[in-house]
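There are 2 protein chains.
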Amino acid sequence: MVRAEIITIGDEILYGQILDTNTQWISLELDKLGIKTVRKSSVGDQKAEIVQILTEAQQRADVVFITGGLGPTKDDLTKKILAEFFSCSLAYHPEALQDVTEFFAKRGRELSDINRDQALLPTKCTFIPNKQGTAPAMWFNEHETIWVSMPGVPFEMKAIMETEVLPRLVKYFKLPVIVHQVVKTVGIGESYLSDLIQDWELQLPEHIKLAYLPSLGIVKLRLTGFGDSAERLHAQISSEYEKVMPLIKSYVFGYEKDELADMVGKLLVSQQATLAVAESCTGGYLAHQFTQHAGCSSYFLGGVLAYANDVKINQLGVSSDILSQDGAVSDTCAIAMASGARQLTGSTFALATTGIAGPDGGTEEKPVGTIWIALAHPTGVIARKLTMGGTRIQNIHLTSLTAINLLRRFLLNELAE
Amino acid sequence: MVRAEIITIGDEILYGQILDTNTQWISLELDKLGIKTVRKSSVGDQKAEIVQILTEAQQRADVVFITGGLGPTKDDLTKKILAEFFSCSLAYHPEALQDVTEFFAKRGRELSDINRDQALLPTKCTFIPNKQGTAPAMWFNEHETIWVSMPGVPFEMKAIMETEVLPRLVKYFKLPVIVHQVVKTVGIGESYLSDLIQDWELQLPEHIKLAYLPSLGIVKLRLTGFGDSAERLHAQISSEYEKVMPLIKSYVFGYEKDELADMVGKLLVSQQATLAVAESCTGGYLAHQFTQHAGCSSYFLGGVLAYANDVKINQLGVSSDILSQDGAVSDTCAIAMASGARQLTGSTFALATTGIAGPDGGTEEKPVGTIWIALAHPTGVIARKLTMGGTRIQNIHLTSLTAINLLRRFLLNELAE
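Heads up: the sequence lines are chains A and B, in that order. In this text, residue positions in the first sequence follow the working numbering: the first is -7, and each later residue adds one. In this text, residue positions in the second sequence follow the working numbering: the first is -7, and each later residue adds one.
Okay, chain A solo, but in the shape it has when bound (with noise of 0.2 Å):
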């Protein structure tokens, strides 16, 4: 297994006035390659600092990266560390001169000594030109270890990687193969997932290594092959997948890159069918869960944001006896919106919420959190009741996404009712 450690150099990083894209991105990069990260590494423009984590890292790894610290600017100090660790000098390296000077006079602007000192470079590097700015990148091969150091201004650092560095890593290692298959599920918390499927990765091979990522309402379940062959890696992760799916099927709503809302949008665009909202405790953020999506269009038609009682009776026909006598959080109100929401619109389905989001206006009788969602489909309308214990925003999201589930599972004929 080659290992591979990521150094980001450079104050703003370290103290958090830019967030850092760059590491995941290479790190992604290298996992698809079967190069395994180590340890990822943020230091600032101290040369004490960065001397240190070199020195740490060259114990550690197979192959380092460094971005960050090739400016032009005095508080740049990357080349100089590098040529002082690798003991040799710094030197003009023609090609990279060439560069600079092309660089500049293609823009009309005039080389200046400060630029020109980006073709200095250590004598032991092998020079890696960066064809969309003035640092160029540099390999070593020192210390039984490759160092790869790179500009940190990400298009940069990715034009360089593509282009130069991964082709090269391939030519270099000889690399494993690491297949990754994500299934995403909702609907289910995580340790019920795990003890769900606990027999199940028990006997999972040493090579296959299940990972739980959770986030609120999704638990995803991710699959890692280690191995020398990507396509039966593929065939075994998803034999594996294969035997575990009768127990989680139904909390199932994707793989990959898929998203719930749009899940549930491609579902409804097959069935020929079309999706209203009336939204008063969600307040246009169940909406937003499918319009964020490109294509919704041909599924979503609109709704009705009934925030006040004016105008679920007004727009949604809720008539007023359910809100005096059940109040707006009650079956029947969510009831009677998802139905307004579906005669008015034409809709296939329309997606009712109300309840109480918090922090505050709850009662002992319904306190905050008490939410309740229906689903007005061809022949009835479902409600539910939702217990929820969360943030105001987390509720928002938490009963987006139940709405959403209590549709995925109707036009997949899960439901009981």
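It is possible that some hints are incorrect.
Claimed, not checked - The calculated PhoX-like cross-link candidates involving lysine-lysine, where the alpha carbons are at most 20 Å apart (straight line), are:
(1) B:39 <-> A:201
(2) A:39 <-> B:28
(3) A:377 <-> B:98
(4) B:212 <-> B:201
(5) B:28 <-> B:166
(6) A:28 <-> B:39
(7) A:358 <-> B:98
What the hints assert, rightly or not - From the derived model, a few chain A residues whose C-beta atoms are all more than 12 Å from chain B:
(8) 8
(9) 154
(10) 220
(11) 229
(12) 238
(13) 240
(14) 247
(15) 274
(16) 279
(17) 323
(18) 374
Said to hold, decoys possible - Derived list of chain B stretches under chain A, where covered just means 3 residues or more per stretch with a C-beta under 8 Å from a C-beta of chain A:
(19) 6 to 19
(20) 29 to 36
(21) 287 to 293
(22) 330 to 344
(23) 378 to 389
None of these hints come from the bench; they were simulated from the model. A quick note: this is a predicted structure, and the numbers were derived from the prediction, not measured. Yeah, the Cβ is synthetic: ideal placement off N, Cα and C, and Gly gets one too.
Guided by the hints, dock chain B onto chain A, whose structure is given.
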């Protein structure tokens, strides 16, 4: 200077499946307190790697923050390793047990063994409650270092830091005095703002520093003062802001944690006015900007999600002539939508959006990113054309902010029209 190290534990971040945003957030919070981050590291779910980074960190830092690896499943190792690292055992912590029991009871769910084990904590730790989730945080004072271990779920970690950890750090360490004040602007880009206030920036005293914190549609200005009296620094910073305010006043919508829609909501309440929306391309997201804030029911009545043209016609009374002659993406349609929503709900104001959020659906005449917004008010309707070049989500977000800002400026009598 108090030195901090931030460690994330977990294969998901190491391999890049998840973008780590926790580390940036923590370092920004520490920066505000005058604690200097000296290293950020990410390691996987491997005992040897975790022990190694803990051993390294205690040599570098006065306080170590650890996020992740606290879930209930067997690949979560942090607690066991911390217990071993600090030579103690794991035991059920009574308060933690009570918290996790209540967490499940509140949600009407059974407490499984796996969840009960969330209350198993190293005996040497100080228990730090997690009100948002089931994995408590831990505080250790061992090996002449403070160690804080927190769950990796961002909203849980942030709540724990804000309510428990940051106050403890302030008590425990003798920290320098650093004062931050944030002013929030909307409707002006970073570089224009920077041009506008450059003379002011140059005259700032040595001990007060300016930072621009831009995000989509919003630019925050942050002045940071260093000294020995918080009171004096606050006064000095306020007086600096007073100097620049005449230049930027019309862009400033709030301070510190104020959010645009919430501030506009407060303006509406103060003018005893109400709001409705008619959303096409923003698809619920505009309403969500208001309804995500508690208290919105005192001014937000609701509205219509008019995605399909039929909904625009039937619910909002947009004439079919407008749709056939000018199309849905037009000033006339936006105006009719806003007027319709205002009439329908009886609100004081109504905001409408209609346009092509992308990535598809553009024409030569109306390319992707062509969007109309309108504001219906008691004496007329104002429409504005927007031209956007972002992704679908960015266009939806920026359209919503721009519509809210149109209402803000109207409420403040800042519109020429």
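* **Enumerated hints in conflict with the structure, sorted upward** => Going through the list in order, the structure violates hints 8, 15 and 16 and respects the others.
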